[in-house]
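Engineer: Residues per chain, in single letters:
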Amino acid sequence: MTSTVYIDAKIIDPANKIDMLGSLITTDGKITAVGADITPPKGAEIVECDGRILCPGFIDMRAHDVDTEAALAGGITTLILQPDQTTTIDHDSAVERIISRAKAGKSLKVYPMGAATKGMQGAEIAEIGKMLTSGAVAVTDCRKSVANAQVMRRLMEYCRYFDCLIVQFAEEPALASNGVAHEGHIASGMGLNGIPAIAEAIQIERDALLSELTGAKLHIALVSSREGLKAIRAAKDRGVNITCSVAPHYLQLNHNAMDGFRTFAKVSPPLREEEDRLALIEALGDGTIDTLVSDHDPRSVDVKRLPFAQAATGVIGFETMLAASLSCVHSGQVRMTRLIASLTCNPAKILGLNLGTLTAGSAADITIFDPDMPWRIEAENLLGTSKNTAFDTLPCQGKVWRTITDGICVYKG
Amino acid sequence: MSKKTQNHESYERAEITPPSGNYFPDKHLLGIKDLDPTAIKYLLDTAEIYAEQNRQSNKTTHKLRGLTLINLFFENSTRTLMSFEIAGKRLGMDTVSMATNNSSIKKGETLLDTALTLNAMHPDALVVRHGDSGAVKLLAEKMDCAVLNAGDGRHEHPTQALLDALTIRRRKGKLHGQIVAICGDVTHSRVARSNIYLLNAMGARVRIVAPPTLIPVGVERMGVEVFTDMKEGLKDCDVVMMLRLQQERMQGAFLPSLREYYKFWGLTYEKLAVAKDDVLVMHPGPMNRGVEIASDVADDINRSAIQEQVEMGVAVRMACLDILTRDRQEVLS
Chain X
9 MTSTVYIDAK IIDPANKIDM LGSLITTDGK ITAVGADITP PKGAEIVECD
59 GRILCPGFID MRAHDVDTEA ALAGGITTLI LQPDQTTTID HDSAVERIIS
109 RAKAGKSLKV YPMGAATKGM QGAEIAEIGK MLTSGAVAVT DCRKSVANAQ
159 VMRRLMEYCR YFDCLIVQFA EEPALASNGV AHEGHIASGM GLNGIPAIAE
209 AIQIERDALL SELTGAKLHI ALVSSREGLK AIRAAKDRGV NITCSVAPHY
259 LQLNHNAMDG FRTFAKVSPP LREEEDRLAL IEALGDGTID TLVSDHDPRS
309 VDVKRLPFAQ AATGVIGFET MLAASLSCVH SGQVRMTRLI ASLTCNPAKI
359 LGLNLGTLTA GSAADITIFD PDMPWRIEAE NLLGTSKNTA FDTLPCQGKV
409 WRTITDGICV YKG
Chain U
47 MSKKTQNHES YERAEITPPS GNYFPDKHLL GIKDLDPTAI KYLLDTAEIY
97 AEQNRQSNKT THKLRGLTLI NLFFENSTRT LMSFEIAGKR LGMDTVSMAT
147 NNSSIKKGET LLDTALTLNA MHPDALVVRH GDSGAVKLLA EKMDCAVLNA
197 GDGRHEHPTQ ALLDALTIRR RKGKLHGQIV AICGDVTHSR VARSNIYLLN
247 AMGARVRIVA PPTLIPVGVE RMGVEVFTDM KEGLKDCDVV MMLRLQQERM
297 QGAFLPSLRE YYKFWGLTYE KLAVAKDDVL VMHPGPMNRG VEIASDVADD
347 INRSAIQEQV EMGVAVRMAC LDILTRDRQE VLS
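So the protein lines, in turn, are chains X and U. Counting along the first sequence from 1, when you hit position 382 you're at 390 in our numbering, and nothing is skipped either side. Counting along the second sequence from 1, when you hit position 264 you're at 310 in our numbering, and nothing is skipped either side.
Worth flagging that the hints you see were computed from the coordinates, not collected in a lab. Only a predicted model underlies this, so the values are computations on that prediction, with no experimental measurement involved. We put the beta carbon where it would ideally sit given N, CA and C, even for glycine. Worth double-checking, as some hints may not be accurate.
[Unchecked claim] Straight-line alpha carbon distances no greater than 27 Å define the calculated BS3-like cross-link-like pairs of lysine-lysine that follow:
hint, chain 1, residue 1, chain 2, residue 2
1, U, Lys188, X, Lys395
2, U, Lys73, X, Lys312
3, U, Lys105, U, Lys79
4, X, Lys244, X, Lys152
5, X, Lys50, X, Lys18
6, U, Lys322, U, Lys220
7, X, Lys312, U, Lys79
8, U, Lys309, U, Lys281
9, U, Lys218, U, Lys105
10, X, Lys18, X, Lys357
11, U, Lys188, X, Lys312
12, X, Lys25, X, Lys244
[Unchecked claim] Label pairs and their in silico Cβ distance ranges:
hint, chain 1, residue 1, chain 2, residue 2, range
13, X, Ala157, U, Glu271, 37 to 45 Å
14, X, Trp383, U, Thr163, 34 to 42 Å
15, U, Lys135, X, Gly127, 53 to 61 Å
16, U, Glu187, X, Gly113, 36 to 44 Å
17, U, Ala299, X, Leu286, 30 to 38 Å
18, U, Glu187, X, Leu286, 44 to 52 Å
19, U, Val272, X, Glu386, 41 to 49 Å
Just chain X, with the same shape it has in the complex:
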């Protein structure tokens, strides 16, 4: 029996409404006790946390690559892999392969989402039941919306039988066709095809109505605009089973970031206006946005250093997720417990995973971070396989100190 005691930590566990100075004990990969005044068992290893924040390990609901080292450095203990892999995850054997590979790694927990439609082509429903049985946690067409309303309706009806979450990428494809940037004065000046914010709102409105009709669980993968938020608020107000995510780059940057044809700021959905950025921070603060995801997508320089319209979309995000979102806490716009909930218990609840809490008896997946530590994000110092960060040279505050999976410390900052 090996025990570890983390003492003198500021313990935040939103699921159990804990926010206190105290200690936490893990034994054999499980959390055994949390409290302000607990006696460590004999022979236990003692870790002095110096008042750093100790919270459940982060659950990243949207990653396009298993970049283990980078994920652990970002405090992530569970990641949800998107189906847009070299072989599209649209059948049970692909799901099994991902899960067995992750188990062999013995640190990061990886659960895949399956494709909602075969080959993510939006035409035929994929083998959802078999994928769920093999361990998929939701279905999504990743960077494409299920555009055909009839297919979406059938998908929702079918998923209800399995109580399966549908993750929709909200972008009405006809309005967004050929678009590479937010439709606004920046894209107009640069001569780029725009994607209007309304393309997002229309898709959300339609799917909210279909969800009402069918009773399916709907999650909007990434919200980027005021219009999109308005649609989500309206749907939530009338009781639709809808949740949504945002990624840190939408909270930190607006469409000015692509000025000078910076393809490292090319993401999907596109970075929008300053008013949108502020509205997203507000929505994360008031709970309209449920979860924070990294949308980690390593891309090589070869596909990024191209003319803007041809360049690949996507940025890396594991290692910068915490720091880039903590700025909203430091500025007083989002409460710390809310931010941590959006990284831990909220995604666990939406996905139906028994994770994201510090409840005694649950797996000892823990992240300890220093919320105030100043550092500068520098692409070449990041651990990930690719360096396509949108935050190069950004000064920020807050860094992961320890990442613990199943009671074992797997990252030391």
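Add chain U to chain X, keeping to what the hints say.
Structural biologist: Frame of chain X; chain U shown alone:
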């Protein structure tokens, strides 16, 4: 002195006296957006000298003899390519032109590799046209020599804006205070964007007149007045700049038919009647007669400056090549 004239004073100064003489701050000419009025005026003044020289019987100088100019055109072009080639030759440069039909781009080479290859051949100036916005800037990052943007996607076409400005300045005497209406397919036009930046920098009043489907979102933030009706937009104009309807760039339903476009947005004498009497009619070419402009307006020798624009094109490009290769000329002499 009224407040209005005080506001215009800085523009007037920029037109009359260059504060810093022979001055061009940049290594490349990638766009108008980041140029200040002084640099623009310097380019125009230099072009003016070449415009006079081009009308003499001895048009050729040897100022840039021994320097190599590469024209790299990823998109079809007749007048811009010829114009640059003639400009280079009149300055005594060795010019090489390359069209992409037979280039390794078709074999899958990336733009950056093309840049590295060309750079290894040590040209002294590179003129590039490319179908993607921002492509010329990307290529310029890998080049040691001056890179001139001859049009990138829908982004910018700086030499076209400069030749338009030179034409207006020669006909009207000045740029500031002129009311210029840019009409037609603004969404797909790099010429429109460069002209908006340049004319605004020089203190002209710029209007956009276009069908609602061809007005870029947020264009008013670029400092223009937006009109959808030709007669409202052309009222009291000093200059009307027609744009070519770029059907090759249009994907999706922008217009019902060319016939209908001509009826509402084609430039005819009837619509032109509301403009000033001495209105100048311009077109960057190639023209679609009977689509965006009536033949009789295009051929009106009193108003149309379309041929003069082509003439000024050579002069402007000579000026740009001259100014951007100054460091290399010094080494030669």
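Engineer: Look at each hint and say if it fits the structure.
Structural biologist: Against the structure, the hints:
Distance check on the hinted pair: U:Lys188 and X:Lys395 sit about 20 Å apart at the alpha-carbon level, within 27 Å; holds. Simply put, U:Lys73 and X:Lys312 have alpha-carbon atoms about 25 Å apart, close enough for the 27 Å limit, and the pair holds. The hinted pair formed by U:Lys105 and U:Lys79 fails the criterion: a straight-line CA distance of about 32 Å is larger than 27 Å. Taking the CA atoms of X:Lys244 and X:Lys152, the gap is near 23 Å; set against the 27 Å cutoff, the hint holds.
Restraint check for X:Lys50 and X:Lys18: satisfied, since their Cα atoms lie roughly 23 Å apart, inside the 27 Å limit. About 16 Å separates the Cα atoms of U:Lys322 and U:Lys220, which keeps this hinted pair within 27 Å; it holds. The straight-line distance between the Cα atoms of X:Lys312 and U:Lys79 is roughly 24 Å, inside the 27 Å bound, and the hint therefore holds. Restraint check: the Cα-Cα separation between U:Lys309 and U:Lys281 comes to about 18 Å, which is no more than 27 Å; the hinted pair holds.
At roughly 26 Å between alpha-carbon atoms, U:Lys218 and U:Lys105 fall within 27 Å of each other, so this suggested pair holds. Between X:Lys18 and X:Lys357 the CA atoms are separated by roughly 23 Å; this keeps the pair inside 27 Å, and the hint holds. Taking the CA atoms of U:Lys188 and X:Lys312, the gap is about 15 Å. The hint holds against a cut of 27 Å. For a cut-off of 27 Å, the pair hint linking X:Lys25 to X:Lys244 stands: about 23 Å separates their Cα positions.
The hinted range of 37 to 45 Å is satisfied by X:Ala157 and U:Glu271, whose Cβ atoms lie roughly 41 Å apart. Checked against the hint of 34 to 42 Å, the C-beta distance between X:Trp383 and U:Thr163 comes to roughly 40 Å, which is consistent with it. At about 55 Å, the CB distance of U:Lys135 to X:Gly127 agrees with the hint of 53 to 61 Å. Checked against the given bound of 36 to 44 Å, the beta carbons of U:Glu187 and X:Gly113, roughly 39 Å apart, stay inside it.
Taking 30 to 38 Å as the suggested C-beta distance range, the pair U:Ala299 and X:Leu286 conforms, at roughly 35 Å. Look at U:Glu187 against X:Leu286: about 33 Å separates their beta carbons, and that is not inside 44 to 52 Å. At about 43 Å, the CB distance of U:Val272 to X:Glu386 agrees with the hint of 41 to 49 Å.
Hints 3, 18 from the earlier list are contradicted by this structure; the remaining hints agree with it.
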